[in-house]
Amino acid sequence: MEQPAATVEISKKKIFDLKEIFGIDIRSLALFRIALALLIIFDLYFRLPDLEVFYTDEGILPRSFAFYSFIFHPFGTSIHHMSGNYAVQLILFFISFVLALLLLIGYRTRLVTFLSWFMLISLHMRNEFLLTGGDFVLRLMLFWSLFLPLGACYSVDSALNSNKENKPTHLLSFGTLALLMQSCYIYWFSVCWKLKTPEWINGTAVYYAFSEEHYAKPFAMAMLNLPMEYLKFLNDFMIWVELIAPFLLFFPLHNGPVRTIMIFSLATLQTLFMISFEVGFFPWSNCAALLPFIPSWLWGKIFSRLKTNERLNLKIYYNSANNLSEKFVLILKTFLLLPETNIIPHEETQKNNEITLIDHNGNKYTGSKAFYSIFKHSPLLSPVSSILNFLNIGEFAFYAYKTLLNSPKLNLFFSNALTVRPLNLKTSRLTNIIVIFFLLYVTFWNYGQWDSKYMIPDKYKWIATTLVIDQAWAMFTPISRAGYWFTIPGKLKDGSSVDLFKDGGKVSWKKPKIPSSIYKNRYWAAYIINLYSLGRYASHLPYYGSYLCKTWNRSHSDEKKLTELKMYIFTEVTAPKGEKSPVTKRLIWKQRCD
Amino acid sequence: MPDLAKNMNTETGILIFIIFLLFILYAIYSNEQNKSSVAKAVRNVFSIDLRSLALFRVCLALLLLFDLIFRGFDLVDFYTDSGVLPRALALKFLNLGEISFHMMSGTKEVQAILFIINGIFIIQLLLGYKTRLATILCYIFFISLDYRNYYQAFDGGDSLVRVTLFWSMFLPLGAYYSIDSALNNSDTETPKQIFSTGTCAFYAQFFFLLWFSVAHKMKDTFWANYTVLYYQLHVLPYVSEFGQHLLKIPKEKLELFTKSIVQYEIWGPVLLLSPIKTEAIRIFAIAGFLLMFIMFGLSFTLGIFPFICVITVLPFIPSCFWKKILPAFKTPQRLNFRIYYDGECGFCKKMVLILKNLLLIPETKIMPAQDDPSVKKDMEEKNTWVVIDSTDIRYFKFDAFIKLIQVSHIFSIFSFVLRLSPIYELGGFIYEKVSNNRKLASKLTSFLSYRPTWINLTEVENIIVLFFIIYVFNWNLGGVDQKYRLSNDIRWIGGTTGLVQAWNMAITTSSNWYIFPGKLRDGSETDLFYDDGRKVSWKMPKTPSGTFKSRLWQDFINIQFTRFADVPTLSTLANYYCRKWNSTHTGNKQLEKVSFYAMRVKTLPGYKLSEPEKILKWKQYCSHKEMPVEDKIREIEEDFSEDKIFAISELWKAGDEYTAKSRFEDADKLYMRSIELDRELYGPNNPSLIKALEHLHSLYNYQNRFDKAKEIKKYLDEMKAAGNK
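One line per chain: the protein sequences are A and B, in this order. Counting from 21, one number per residue, gives the positions in the first sequence under our numbering. Counting from 164, one number per residue, gives the positions in the second sequence under our numbering.
Derived by calculation from the structure, the hints in this document are not laboratory data. A hint or two may mislead.
Simulated pairs of lysine to aspartate or glutamate, DMTMM-like, Cα-Cα distance not exceeding 25 Å [unchecked claim]:
| id | chain 1 | residue 1 | chain 2 | residue 2 |
| --- | --- | --- | --- | --- |
| 1 | B | Lys682 | B | Glu857 |
| 2 | A | Lys511 | B | Glu843 |
| 3 | A | Lys513 | B | Glu874 |
| 4 | B | Lys271 | A | Asp490 |
| 5 | B | Lys566 | B | Asp541 |
| 6 | B | Lys876 | A | Asp514 |
| 7 | B | Lys876 | A | Asp578 |
| 8 | B | Lys788 | B | Glu839 |
| 9 | A | Lys610 | B | Asp870 |
| 10 | B | Lys816 | B | Asp244 |
| 11 | A | Lys610 | B | Glu800 |
| 12 | B | Lys873 | B | Glu843 |
| 13 | B | Lys355 | B | Glu526 |
| 14 | B | Lys877 | A | Glu148 |
| 15 | B | Lys873 | A | Asp514 |
| 16 | A | Lys511 | B | Asp880 |
| 17 | A | Lys586 | B | Asp240 |
| 18 | B | Lys871 | A | Glu584 |
| 19 | B | Lys271 | A | Glu148 |
| 20 | B | Lys255 | B | Asp240 |
| 21 | A | Lys481 | B | Glu857 |
| 22 | B | Lys883 | A | Asp379 |
| 23 | B | Lys876 | A | Glu584 |
| 24 | A | Lys586 | B | Glu874 |
| 25 | B | Lys824 | B | Asp794 |
| 26 | B | Lys682 | B | Glu776 |
| 27 | A | Lys513 | B | Glu857 |
| 28 | A | Lys237 | A | Asp523 |
| 29 | A | Lys610 | B | Glu881 |
| 30 | B | Lys606 | B | Glu622 |
| 31 | A | Lys327 | A | Asp379 |
| 32 | A | Lys610 | B | Glu526 |
| 33 | A | Lys570 | B | Asp652 |
| 34 | A | Lys511 | B | Asp870 |
| 35 | A | Lys479 | B | Glu272 |
| 36 | A | Lys581 | B | Glu881 |
| 37 | B | Lys832 | B | Asp806 |
| 38 | B | Lys788 | B | Glu688 |
| 39 | B | Lys877 | A | Glu584 |
Here the structure is a predicted model, which means the values were calculated and not measured.
Construct the complete structure from the given sequences, taking the supplied hints into account.
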């Protein structure tokens, strides 16, 4: 008699899975990569209008001066130093942009990550005065990404993967640990810094922070009207959240849901931060830093809903005579999120270079209809598939597909560019050792700021300054109890005065309604505030002044030409709640324009 | 022979150039099948043999490599911020478009990395792997080096290298004897010679080099009586010992010598262009050029100039040379040489092909071992490749490699080295390792792919080359005749591409040698020009050109003191010496004062030199001792009583030091004294005085001493008004 082949498996669920807690899901990694690429692109885009001012020799920081004007990195290396020419800087910006695009689609990801990181560091080192918290987070994220396979999923690299082994959905290595730790250090060491500041301890820090005029947005200014107890509560709440939330990200039980909730709460925190203060893209970078934490549990829930019967049984036939056709379809399958689709070569369609789709019902679609059907099935595009159909995007896609395959030059170019190569997700032992070293280094660098006994000795500090991984998460610490704003009255030849800060507006000694928005953009704000707070303005102001003279006189007629300008800073020292804050006016610069 | 040198004028030159261009265009754009003998003749004359080009490539890469290594010895001095040329100073020389990667950082570590990367690309050029890419990268890096250290841009050798590298980008350097040719998978056989706009450009550049150098020599009537060489041999910073011996020849012979060299510079290139019996005449012409360049090289210390001149001539070596030489290599020994490799191993095939090409044994037959059963048995049993020589003896493993080296006549000397016991064992060990890991080796070398060798230029590239030929001609013309000088709008093209050139070599009647006396604290003096701390000697060294530390220093010092002798450059050099000396000496032996003297000597007819004239170029203190400001002023004025000019900057420098110590009132006194002195010596309303006053004005504003600033402004206006009277 046959015994039933009963295998009773008792799969013990581990109490906690190291992979889940200290590892990263490759889908989160893909999302993280996309976020980084978008951050770089937007950063470049917003810097572009001021390219001449900040990055050429005709601006406020010509290279001869820039070689000696670093803030934290005395020997900063930057490829932007190779020329002070506007055209060349534009080309370099364009190269960074192309690299960021390649990072976005995940093409040769490891190489592109390294090059993007190098270009970003160069950009920062050319002019350190424009940097804000968002820049520091971005470059650290890129640094740790050098040790991670960002192109593991949802990328051109993964679409053209020739490695037949099963891809792990979860990666665990010292690289993943380092990235997660770095994101948490931003919060934990910020708490350390806070605990060293008296204002944070006695609860008044939030009040003073909201009254830093050069950062506070209208929301913060409104919050100032709350009674002191609420502000004190906010103060303590901030410290507790920043301390506890990152720990909860690693909570061993029910890691999936707990982590998701903590990610949302930290993201909310960042949003609150963003609406209260003008801090550039710091909240965005921090949210990007949270993306690697997204647990497999969440992805599982999302994708399980997407694995409908329709999607599971799709078959796409491509033209086997044309090498590019298969690659095109593979890339399409990856980016439109249809991983279960079967891709099969079909001899029959060879003549017309067509693409054929057979869905779960056995219906056959060819040509542009095939594209439309693909869009309908793709979880990414199905909500908008009717709009796409209306706009005939299916036709357009099919036309592009045909042109790509039939044009010999394009075909050759793309075939050479898109090569099938194995994707390697394993981290070598050497990489792990290097990462452990850097992780320990960075930990001590941060902890040494809390307890100076553990600080990295001076002769090894060059490692951090060369690789630009030095960090100090001293946000709003120490609290400056003063806010400031500026005016630059300039005297014109015909005797009138204009405020150069407002690009020629009327001079007014009154406090501006929203002092944080008097700056042209956050780069100008960072430049001016950095100059003032570092006390370095003396050597820079001649360049700034000459630049203002030059640009004004270039675009104004003779009687309206600038003859001299002065720079005033208004400081309002915040008094404890209820008392009046005195405002002082000080002249910090004067120069002639001829 | 008409004395063309004297009778040529600019317009004739332009006419000749236009005729040349027309011939080229006709030859390029006429059909290949065109029976026209003119087109055929032009094609014949302006073609380049690809094997000569390969020789050119190897020699050029070796020159670049050695040059890089020698520059590396001066890395800290010239390429970092702690030498004589910090980046901020170097920026002052650069024009629009002159870009340099080496500006990226001022630390020696980063520069070292850049040098290493540069070296890798040069080796890539040497071996001929992805040759065109390698040429472009070497070109970019070389320009970058020269623009970081701008003094090199004036060096004739560097200029010629730059220009040669530029035109090489349009020539197929990797067609023969390279990794590229080894992995060539095109069906058509590689042609032995080519004609293209690229080759015409190469010829054109060579003509420009020679003819414009003659034009520069003949520009002045003073030189037109062929005394050029006489004067050139007296230019101290460049003439070598051998050149000084040449001066012993009586004057008439020297003049004849000069005349013949000048005439050869004119007619030699014409010999190259001879349409009849092209190849035979050409060999003579090339021999003549080589002799001429070797003479230059021996008579003058010109750095790499003679070497690059010789290298530029190499591509002109005609095919008949190779036709004669190569058969000499086709010994029976080599004709029956066979190499069998493991047919299943892609790496093995590539390696064998590369060896065949690089070791120059093209007659060797290469076959997969699987083709011959007995060989296959040997291969499998002994796990090795099999090399069979003309006597049918079989060689295996490392012995086979040695045999290959032996058969390749050029490298056969190395076979002796390879047989030495330790190297032999090492070779055997490496072979074992590689052959056991063939799969891994295949994976690692998979980047070496088979591709057809690139030979021809596209239409667009043709147009670009033609444009640059015209541009370079115009540039050279503008150097000789001011009328044709290029306008500033398009001068930047020459700067960006590194095509700036001026073939006027050291034609002056006077020259300098230099003495840098430095006074130590204990009163003694040392000549800082030399590194060994020797005493100052005012006697002229026998061969001043040999006293320079390296060719970079030779160019730097000569050009700085004749062209760029301004306050920032000279004070940077002085500070450099102060820093260097005081970091290795202490106490009484510390350096206190530095001065630079140029000893100027005029060349007189009759083989005599005038008495040297002592010219003080710079004088300054290394640092200032703390003392009451009146004493300081007195000290400086006493010290500089004969050289009051330098007291102006010294007083100012002292003022800066006092400002740094926050002794503002004292600093004021120093500044004002400096300004008064400036006014005494140069009068009011001179540029340096105005600049100094404006600087003070800004300084007081920065220090928030607005009343003082107003005072200075009033004084400034007074000065301007006084000058305008």
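**Asked** Is Lys511 (chain A) close enough to Asp870 (chain B), meaning Cα to Cα at most 25 Å?
**Response** holds (19 Å)
**Message:** Would the hint linking Lys788 (chain B) and Glu688 (chain B) be met if the CA-CA limit is 25 Å?
**Reply:** holds (19 Å)
**Asked** Does the structure keep Lys816 (chain B) and Asp244 (chain B) at a Cα separation of 25 Å or less?
**Response** holds (21 Å)
**Agreement of Lys883 (chain B) and Asp379 (chain A) with the hint, judged by alpha carbon distance not exceeding 25 Å** = violated (89 Å)
**Item:** Distance restraint between Lys876 (chain B) and Asp514 (chain A), which requires alpha-carbon spacing of 25 Å or less
**Value:** holds (21 Å)
**Message:** Run the distance test for Lys586 (chain A) versus Glu874 (chain B): straight-line Cα separation, threshold 25 Å.
**Reply:** holds (18 Å)
**Prompt:** Are the Cα positions of Lys271 (chain B) and Asp490 (chain A) separated by 25 Å at most?
**Reply:** With Cα atoms ~22 Å apart, Lys271 (chain B) and Asp490 (chain A) stay inside 25 Å; holds.
**Prompt:** Holds or violated: are the alpha carbons of Lys237 (chain A) and Asp523 (chain A) at most 25 Å from each other?
**Reply:** Satisfied, since the Cα-Cα distance of roughly 22 Å is no more than 25 Å.
**Prompt:** Under the criterion that the straight-line Cα-Cα distance not exceed 25 Å, is the pair Lys581 (chain A), Glu881 (chain B) satisfied?
**Reply:** Satisfied, since the Cα-Cα distance of roughly 24 Å is no more than 25 Å.
**Message:** For a C-alpha distance cap of 25 Å, please report whether Lys873 (chain B) and Glu843 (chain B) respect it.
**Reply:** holds (23 Å)
**Request:** Compare the distance between the alpha carbons of Lys877 (chain B) and Glu584 (chain A) with 25 Å, and conclude whether the hinted pair is satisfied.
**Result:** Holds. Lys877 (chain B) to Glu584 (chain A) sits at ~15 Å (cutoff 25 Å).
**Prompt:** If you draw a straight line from the CA of Lys271 (chain B) to the CA of Glu148 (chain A), is it 25 Å or shorter?
**Reply:** holds (22 Å)
Hint violations for this structure: numbers 1, 2, 11, 14, 17, 21, 22, 30, 32, all remaining hints satisfied.
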